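2 protein chains.
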Amino acid sequence: MNNEMKTIVIDAMGGDYAPSAPVGGAVLALEKHKDIRIVLTGKEDVIRRELEGKTYDKERLIIQPASEVIENEEESPVDAIRSKKDSSMVLGLTMVKNKEADGIVSAGNTGAYLAGATFLVGRIRGISRPALTVGMPTGTTPTLLLDAGANMDCKPGYLLQFARMAEIYYRALYGVGKPSVGLLNVGVESHKGNELTKETYGLLKEAEDINFTGNCEARDVFTGEFNVVVTDAFAGNILLKGLEGAASYMMGGLKESIMSSLRGKIGGLLIKPYLKSVKSKLDPKAVGGCPLLGVKGAVIKAHGNSNETAIANAVTQCLTFIRAGVIDEITANMKKEAEVKTNG
Amino acid sequence: MNNEMKTIVIDAMGGDYAPSAPVGGAVLALEKHKDIRIVLTGKEDVIRRELEGKTYDKERLIIQPASEVIENEEESPVDAIRSKKDSSMVLGLTMVKNKEADGIVSAGNTGAYLAGATFLVGRIRGISRPALTVGMPTGTTPTLLLDAGANMDCKPGYLLQFARMAEIYYRALYGVGKPSVGLLNVGVESHKGNELTKETYGLLKEAEDINFTGNCEARDVFTGEFNVVVTDAFAGNILLKGLEGAASYMMGGLKESIMSSLRGKIGGLLIKPYLKSVKSKLDPKAVGGCPLLGVKGAVIKAHGNSNETAIANAVTQCLTFIRAGVIDEITANMKKEAEVKTNG
Chain F
568 MNNEMKTIVI DAMGGDYAPS APVGGAVLAL EKHKDIRIVL TGKEDVIRRE LEGKTYDKER
628 LIIQPASEVI ENEEESPVDA IRSKKDSSMV LGLTMVKNKE ADGIVSAGNT GAYLAGATFL
688 VGRIRGISRP ALTVGMPTGT TPTLLLDAGA NMDCKPGYLL QFARMAEIYY RALYGVGKPS
748 VGLLNVGVES HKGNELTKET YGLLKEAEDI NFTGNCEARD VFTGEFNVVV TDAFAGNILL
808 KGLEGAASYM MGGLKESIMS SLRGKIGGLL IKPYLKSVKS KLDPKAVGGC PLLGVKGAVI
868 KAHGNSNETA IANAVTQCLT FIRAGVIDEI TANMKKEAEV KTNG
Chain Y
568 MNNEMKTIVI DAMGGDYAPS APVGGAVLAL EKHKDIRIVL TGKEDVIRRE LEGKTYDKER
628 LIIQPASEVI ENEEESPVDA IRSKKDSSMV LGLTMVKNKE ADGIVSAGNT GAYLAGATFL
688 VGRIRGISRP ALTVGMPTGT TPTLLLDAGA NMDCKPGYLL QFARMAEIYY RALYGVGKPS
748 VGLLNVGVES HKGNELTKET YGLLKEAEDI NFTGNCEARD VFTGEFNVVV TDAFAGNILL
808 KGLEGAASYM MGGLKESIMS SLRGKIGGLL IKPYLKSVKS KLDPKAVGGC PLLGVKGAVI
868 KAHGNSNETA IANAVTQCLT FIRAGVIDEI TANMKKEAEV KTNG
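If you're matching them up, the sequences are chains F and Y in order.
All residue numbers for the first sequence refer to this note's numbering, where the first residue is 568 and numbers rise by one.
All residue numbers for the second sequence refer to this note's numbering, where the first residue is 568 and numbers rise by one.
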């Protein structure tokens, strides 16, 4: 059953480079994966124009017309989901809800997409809050950081569930029996932190099913010491955007100082390819996308500035997520938790 | 009056490289500034041994013997301040409290130092919470980020006071009439953020004395767009340590890929000095130290891994802080606020 054809929706109108990136990404993904169908949701004429001159397997590319678009600048992302019922995003999420598709990829409005996934696709029974999960580069397997965008104000219990979900996802992806879990915090000592992390520390320590290895300082998310790091989405966002800023600042500073002398210019030419490779390691486009863990479908958020390669990578990630059976495992885990609570 | 001799305490037992870094830093600072006295607090025999063979103005270096040391690994920093009354840190802070010294520099236990400064030196009347302030590199004048370490859980009113204090400090340092103030947040839109930032946004917008220019995303702390950025110490710590991690990760990755080929090795040799200069820009040791704004004395926290140059830089910063009259201005501002409240 796991090798059967899967259907993945791509929101053709979402992202900074829509429709060219999602439509181009669909063509790349169909070429790479012979065992998927792609549904492109969006304005039919726009999609058809983008497809002109492209070679692809027409049997496996379906267009689902949608007359509306959820923009990046919606005043209320939640209202947009409610009111734009014929948008590419809402139609795509509804297809996942109705099991007409196995998963979805969108580079569109993050707030609307996360709210829409929770409302339409729905939470797995027992999950308080779904969480967006990003893979941090470490040199070896990525460290999964969550929540990277969905829940700005969290309770300790949410973070405990984030840890359980990410552990399952990590195990499915990399086959590690007991992934190590860390808590993003301001120091390694158990008494460090704010009210949220101090209380969460206790919960994680008590949870026998979790391999909690302690607090993770922000500087250590790259060391690979932790397989999973949990946090609220506010701190997660500050960390991720800070890294982005540091990379730009350092690369900019290096370029400027290199260009200030002949010696620097020659050295700079020689190391240019290496600089590019280091920068690309910190590049979210290379990673593909971020799954929203905790909903009843494979919902992948691609970065807003994704190009067609990034969209195709996100489709690959969506397919891996589906084939690994992550949702069934989280569902089973939540059932077990509920039984323990009822019987204990 | 502003040119008279000033007395600055250096905690000789604080920091990863104590006593050599603080004692060496004292000698460097005395050489650089002819208008200061330095008081070294700590174990007299240890300090005397460190001073052996060094040339300095003996008239301007005083040793204040202290038999105890507050360690980095104290179980409770607050208890350490209470119980170790004859420690180098407590004696130093007490000298500032008693006006026997104008300011103090320590690279020791941050939690103990901040708690000690608040308890012993005392808060300026009306200030709810003193805040640790760090200068972020921008290419031009630094952006002041606070709170960088003192208050993990903040109320919106605290952040409003942080903005007022930092504005005064920035103006004193750089002579800018109306420094721009930003709020560290997850997006530029006013509705973005967690409960704290959403409420703080409203307070800052209403405060007519503050030049509030909106939310600052973590990637924009280096752009120089904001003179001051306010946040709670949890998010501040995540940002600062994340930057540290990103810098190490990128430099490590670059080194590794450069060393993988002859071309890279030659290029690497040529750009080595430029790499160093970029890294040093992100290096907290170069900045010197961070003032704790809101207490009745010039209390400067030097980074734990400060070497003697960094300690000397922190002394320079302490002297600048004293001469700029920052405390008097914050005190006057708080009085004005109180009057407005009483009369309005």
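These are calculated hints, taken from the structure and not from any lab test.
Worth double-checking, as some hints may not be accurate.
[As the list claims (entries may be wrong)] One-sided excerpt, in silico: chain Y residues whose CB lies under 7 Å from chain F:
| id | residue |
| --- | --- |
| 1 | S757 |
| 2 | E766 |
| 3 | G769 |
| 4 | F801 |
| 5 | I838 |
These numbers were taken from a predicted model, which means no experiment stands behind them.
Just so you know, even glycine gets a beta-carbon here, dropped at the ideal spot from N, CA and C.
Results for each hint:
{"no.": "1", "hint": "S757", "in the structure": "violated, 11 Å"}
{"no.": "2", "hint": "E766", "in the structure": "violated, 12 Å"}
{"no.": "3", "hint": "G769", "in the structure": "violated, 16 Å"}
{"no.": "4", "hint": "F801", "in the structure": "holds, 4 Å"}
{"no.": "5", "hint": "I838", "in the structure": "holds, 4 Å"}
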